[in-house]
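Kindly produce the complete structure, drawing on both the sequences and the hints.
Residues per chain are reported as follows:
There are 2 protein chains.
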Amino acid sequence: MAAQDFSAQEYADRLAKTRAAMAQRGIDTLIVADPSNMAWLTGYDGWSFYVPQAVILPSQGDLFWWGRPQDKAGAAQTTWLPADHLLDWPEDHVQHPDHHPYEALVQHLKDRDMTRGLGVEMDTYYHSAKSHAILLEAFGPRNIHDATGLVNWQRAVKSDAELALMHRAGRLTSHMHGTLRDGFHAGRPKNELVAEVQAAGVAGIDGIAGDYPAIAPIAPSGLEASAAHITWNDRPLAVNEATYFEVSGCFHRYHAPASRTLYLGEPPADIRRAEDAVLRAIDDTFAAAKPGALCEDVAACVYASFARAGYEKSNRTGYPIGLSYPPDWGERTMSLRPGDTTELREGMTFHLMPGLWTANWGVAITESFVVTEEGAKPLCDFPREIFTRPA
Amino acid sequence: MAAQDFSAQEYADRLAKTRAAMAQRGIDTLIVADPSNMAWLTGYDGWSFYVPQAVILPSQGDLFWWGRPQDKAGAAQTTWLPADHLLDWPEDHVQHPDHHPYEALVQHLKDRDMTRGLGVEMDTYYHSAKSHAILLEAFGPRNIHDATGLVNWQRAVKSDAELALMHRAGRLTSHMHGTLRDGFHAGRPKNELVAEVQAAGVAGIDGIAGDYPAIAPIAPSGLEASAAHITWNDRPLAVNEATYFEVSGCFHRYHAPASRTLYLGEPPADIRRAEDAVLRAIDDTFAAAKPGALCEDVAACVYASFARAGYEKSNRTGYPIGLSYPPDWGERTMSLRPGDTTELREGMTFHLMPGLWTANWGVAITESFVVTEEGAKPLCDFPREIFTRPA
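Quick mapping for you: the protein sequence lines, in order, are chains A and B. Heads up: the first sequence begins at 18 in my numbering, then just goes up one per residue. Heads up: the second sequence begins at 18 in my numbering, then just goes up one per residue.
None of these hints come from the bench; they were simulated from the model. Some hints here could point you the wrong way.
[Stated by the list, open to error] Dumping the calculated SDA-like pairs for lysine to any residue here, alpha-carbon to alpha-carbon at most 25 angstroms:
hint	chain 1	residue 1	chain 2	residue 2
1	B	K34	B	P75
2	B	K147	A	D223
3	A	K307	B	P114
4	B	K89	A	K394
5	A	K147	A	R129
6	A	K394	A	D223
7	A	K330	B	H113
8	B	K34	B	P308
9	B	K34	B	I403
10	B	K34	B	D45
11	B	K330	A	L104
12	B	K147	A	P158
13	A	K147	B	G43
14	A	K307	A	K330
15	B	K89	A	G239
16	A	K89	A	H117
17	B	K330	A	V68
[Said to hold, decoys possible] Not close to chain B: a few residues of chain A, all C-beta gaps over 10 angstroms, as computed:
hint	residue
18	Q26
19	Q124
20	S176
21	E258
Beta carbons are placed, not taken as given, at the ideal position from N, Cα and C, and that holds for glycine.
What follows is the structure in structure tokens.
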């Protein structure tokens, strides 16, 4: 992604929304270390999040990108910020036992009199406990507020420009699953198939080029599929085994994940029964996912469908998606689960995950969707049923 | 990776080394949240690091894997731990605004009387400031010690079994770069080429199957290449532009990164001069990288070669590599740079990164190597020179 995907007005709207949320929480200066939030505010893109970096957003006036010196050129190329709003830390602080980049951040903040009412994302991957300790030491606990999720929440309702990118991501996902079905044959080492599916997502289709998704393909087979986050290995695809593939196309950092279950041979009755429950759950949920419905209501459609088929399940069955960087393509705000009373709004986007696992197999058929007045509209378009190939 | 890549004795040795380091630092119980360290100690593998998880290692007695309930099956499949040493947190705490998985970790620690002398990795991606605050609140600052890097340092010298995996990763890297050279033609959208290179790394060669590398391909062209961490886009490869590709094969989570610069047409004199300086730097460094040499001495070889060619550079020019998970394939311990007086030991592995960047282009030719009595032995085997194709 780069800043030119969106108009100057859209970036101005994003800043205004974020600043309104800051004001509500009494935050004067927000330090945004989540790369997805950095990108959403400024367009910044690069695989540089393995070192400290942030966007510094004061309640008024200029905002700043701050990062490693060698990444400033990337910030100049991808963000809409002028060159004198790109700040850095001393290159020799990189992964150094006795120095830390946040020491330089403290100085930048002091130089700009941003020393009170600081908001930081305490529960993100890229603001470490050590980084936080340095801020606490410099400014004191009374001046540091937890702003986890503050920007993420502003991202929940997607703009038309964002939805256009997500629909393209969905085209990529559909293309990846088509490649998967074509290549799913007994005896093939699974890594060969994963290579084809990934390549389809990056080479793309109809001029839509793919980016790296925030999560690698999840692709367990047989007994492995009873685990949730196994990636792949080189074991040949075997007859009478279910494999499920969870993959996402990624277009300009926007995602549209979808999972399917594939089977070599004829699935046994218990897997077919689980499939039926999952497919009905998707239909019911899609009908219910209209503006005004609550997250927990949408989730209840899944549980009700499962209960009718004799399965008991009440854990989280979906989460919001959009712009993202590794290691997660979820937005980490609301969830489709009991107790979440967030109201759905038009233009929100979710990954619906109705999955059923036993000790011996897993059936996952999942869809990404946009909330519309007519209910959920899927971002992908390909068959949901378990794909089978005669053994 | 799964536990069966290594003998029970090797895991016992790893635990013993780690516990000796714990004793030196006065740590009674180590909480290991870095997924690379978790894998090194137990074999655990899965894309589950986007939610809280850890290995809990007391100074004596049993160690535990702790994570999300739905990932326990994956822990049972990939680690050498018995089932009753797999602990979890309530599934409904996942990404929940009012609950946090570390509340359950606190309870597990209290239940086992592990409440004093706790060591945590404060500067890793997967132990958040929020997680840390929960531990501080529960046990008090006097009982929490920063153990960043403690396990990472134990990983520095690779076993023969590890080196065997890294040499296979190097075979994958060489194969990826071969695919890159074959496919590097003017007018091709870069994402198509990246798709081929990634697929080569995962499909593998000679029965060596690839895993997902910890960093996506870095592949900037022309002016983009003045930035350090730009990934790719769909712009066609252009004549009279340098592109550099930094990629790594990944075999059972072990890496062997290497970068090359490619050029369509005839590179101008200044790029050729930079190339010459970089190639000499690699030769000089490889000769010097013997057991007993210091990290800063090895780095000095690079700077001296650059100085002879008229380039001034003194920033970090390499770092240790091995087992890793996103977002970084470095080990984050020592560095090849001034002031680092760590002694090289036989079996250490590094990614040597002599790169030269100007405002208009970047030349990066990098190699991964093992320290041996005869100097550095590369993990990959393919031409280092700038690959050119007549326009």
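Comparing the hints with the structure gives:
A threshold of 25 angstroms between alpha carbons decides the hint, and for K34/B with P75/B the separation of about 13 angstroms falls inside it, so the pair holds. A hinted pair counts as satisfied when its Cα atoms are at most 25 angstroms apart, and K147/B with D223/A does not qualify at roughly 44 angstroms. The suggested pairing of K307/A with P114/B holds, with an alpha-carbon distance near 23 angstroms, which does not exceed 25 angstroms. For the suggested pair K89/B and K394/A, the alpha carbons sit about 34 angstroms apart, so the restraint of at most 25 angstroms is broken.
Restraint check for K147/A and R129/A: satisfied, since their Cα atoms lie roughly 23 angstroms apart, inside the 25 angstroms limit. At roughly 22 angstroms between alpha-carbon atoms, K394/A and D223/A fall within 25 angstroms of each other, so this suggested pair holds. A hinted pair counts as satisfied when its Cα atoms are at most 25 angstroms apart, and K330/A with H113/B qualifies at roughly 18 angstroms. The suggested pairing of K34/B with P308/B holds, with an alpha-carbon distance near 20 angstroms, which does not exceed 25 angstroms.
Under the criterion of a C-alpha separation no larger than 25 angstroms, the hint pairing K34/B with I403/B is inconsistent with the structure, at around 42 angstroms. Taken as a hint, the K34/B and D45/B pair is honoured in the structure, with Cα atoms around 14 angstroms apart against an allowance of 25 angstroms. For the given pair, K330/B sits about 21 angstroms from L104/A by alpha-carbon distance, which is consistent with the 25 angstroms threshold. Proposed proximity of K147/B and P158/A is supported: the alpha carbons are some 13 angstroms apart, at most 25 angstroms.
In summary, the hint linking K147/A to G43/B is supported, as the alpha carbons are separated by about 19 angstroms, within the 25 angstroms threshold. For a cut-off of 25 angstroms, the pair hint linking K307/A to K330/A stands: about 23 angstroms separates their Cα positions. With a CA separation close to 16 angstroms, the supplied pair K89/B and G239/A stays within the 25 angstroms bound. Restraint check: the Cα-Cα separation between K89/A and H117/A comes to about 18 angstroms, which is no more than 25 angstroms; the hinted pair holds.
Distance check on the hinted pair: K330/B and V68/A sit about 20 angstroms apart at the alpha-carbon level, within 25 angstroms; holds. With a least beta-carbon separation of about 24 angstroms from chain B, Q26/A lies farther than 10 angstroms from that chain, consistent with its non-interface assignment. A cut-off of 10 angstroms between C-beta atoms confirms that Q124/A is not in contact with chain B; the least separation is 19 angstroms. The Cβ of S176/A lies farther than 10 angstroms from every Cβ of chain B, with a closest approach of about 22 angstroms, so its non-interface assignment holds.
Distance to chain B confirms E258/A as a non-interface residue, since its nearest Cβ pair spans about 15 angstroms, more than 10 angstroms.
Checked against the numbered hints listed earlier, the structure breaks hints 2, 4, 9; every other hint is satisfied.
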